[in-house]
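Visitor: Let the sequences and hints guide you as you build the complete structure.
Below, each chain spelled out in residue letters.
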Amino acid sequence: MQESSIQPKTVEMQQPEPKGKPRGKSPLQLALRRFFKNKMAIAGVIILAVVSFISIFAPLFISHDPLATDLYNTNAEPGGEHWLGTDDTGRDVFARLLYGGRISLIIGLVTMLGTVLIGAVLGALAGYYGRWIDALVMRLTDLVLALPFLLLILFVIAVLAETSLWILIITLVLVVWPQTARIVRAEFLSLREQEYVLSAQAIGCRDSRIIFRHMIPNAVAPIIVNATLLMGLMITVESSLSFLGFGVPEPTPTWGNMLNAARNVRILSSEPWRWIPPGFMIVITVLAINFIGDGLRDAFDTKSTRR
Amino acid sequence: MNRLTEMTALLHIRNLKTYFFGDDGTVPAVDGIDFSIGKGETLALVGESGCGKSLTSLSVMGLVPGTGRIVEGEVLLEGENLVEKTEEELSRIRGNEISMIFQEPMTSLNPVLTVGEQIMEGLLLHQRLSRQAARERAVQMLKLVGFPRAEAIMDEYPHQLSGGMRQRAMIAMAVACNPRLLIADEPTTALDVTIQAQILDLMRDVKEKLSTSILLITHDLGVVAEMAERVVVMYAGKVVEEAEVQDLFDQPAHPYTEGLIRSVPSLDEEKERLYSIEGNVPSPDRLPKGCPFAPRCSEAWEKCLQKEPELMEIGHGRRVRCFLYDPEEGGSR
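Residue numbers (the working numbering), protein chains in the order written: chain A, 1 to 307; chain B, 1 to 333.
Please keep in mind that the hints were generated in silico from the structure rather than gathered at the bench.
The beta-carbon is built from N, C-alpha and C at its ideal position, and this holds for glycine as well.
Possibly wrong hints are sitting among the right ones.
Said to hold, decoys possible - Far from chain A, some chain B residues (derived; all Cβ distances over 12 Å):
#1 Gly32
#2 Met100
#3 Pro295
Stated by the list, open to error - Partial chain B-side listing against chain A, Cβ under 7 Å, derived:
#4 Tyr19
#5 Glu104
#6 Thr107
#7 Asn110
#8 Val112
#9 Gly122
#10 Leu125
To be verified - Only part of the chain B face toward chain A is listed, based on derived beta-carbon distances under 8 Å:
#11 Met61
#12 Asn81
#13 Lys85
#14 Gly95
#15 Ser108
#16 Leu109
#17 Met173
Guide: In structure tokens form, the structure reads like this:
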């Protein structure tokens, strides 16, 4: 055999040095860079940031307590003291609007996180192991998806005889996790066939390491996109439930139960300041989140040409 | 070198059978294979697509895919039977004592992890090194496989490397823990010819430096001539011939090997058409009766269609599975 001098074998001649940055760009970083070139998505981020800010720091913007009733000043019109007037029990509508955002955002965020956690883990297990685990998880998702959603919520409320924010969140998570689980499972079915998974096995990685270190990071794009869109959906669902009276109970202010006022013909026709603002907030918040979701999808999907 | 005894062999495969259990019945994809690899030896496993050579290597690793299962036989690594090991024990052997290089450098590295993280992974799993020490060793390995700016490559992602560079990184990853056996499954098939030569050189150098044995799986006889010391030819899940590399090229014993060698294009001869063996490898679930190669064999006679020959020694460390070498059955060679 010829003398083994391995060192200077100029493999990298053609490869230009990456300019400036010493560290390489991960696929995630590349996607985020594409994301921040998307104007609609940036608008979404800004709107969501503003809405979150004024809801979280509501006390900085308004001194009225959203729960304080004032029976001497009910159904007031918008004015200097109460910017959007007061409701039937004299609570300040503007204060309720700001504080209501907290509930919507908490529900959207926590439901999304819970759904992603349960859905991603179950979907990953189903897709990776296949066989009976897959069959079990998929039948479970079939079962949940077959249940009429509103009926299930009504059922839970009837059984527990009350609702609270957390009961609502748990119920929502239990109803929507199958969506995420199916997406993650489908992704895992194709990832499992990738050579780098075999290569990770050949280097001696155990299953848990392969799933969480090698495969989930590769499935993160569809998970993030799905999670974002779910968050928007959950805010809408909370609003509809509250509007119907099955959501977060009074007196906690939510955009949904403020809309409840619009069920009254008098308020609907002569006091639009009671229901247009919460409706508007729901629309722009969900719209902003959906812009972000679409932006993320375009950023992650390198095959799509429309940017 | 004569036949390896079990004592001197690093890896000894005895009567290995890996079957697939599908809906349409059982498919004997690897059907009773025997061979051994000596310490520091390069053995080439040759055959057409679908003859079971990749599955043999995956069986050695204990990574038989899908519905497949090892139904019989032993894979002895220095006397320890890997077939009987638990998944837990196997994962301690994989990447540490036996590791593997795959065909597709473009897809065998994880796109979301840096090259450095992937090379360090085996070291961290098997060698109880600190991150710092693992990193230093990984940089060393990258230098060994020919990256001058190894430090920078550590923090790059696979998509920033070319195919040849990725295959080098794969080799660094596979040999990082200094395995005793390196399985290379068509390591150069997906590369340009010029890069192929570099990678083969590199593998030879790495083998010299780390005294690793190599099981080289390929269908490229050029690569075999370049790299291997001994050759095992497989056909339809069975070994049909085993020989020293020089003997094999000088005087192929099995008609199938003969056909394989004749179908390599040559620059010296002027031929209108390249020789090709008639027909295809039979699917392992529809093997013909008798010798599986008989329907494609120019030398076959009635005997071959009725009964399957045994693998027999024909001297000089050679084995062949053909009636031509069996005087009792009317063989003439």
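Visitor: Name the hints, by number, that the structure is in violation of.
Guide: 2, 4, 12, 13
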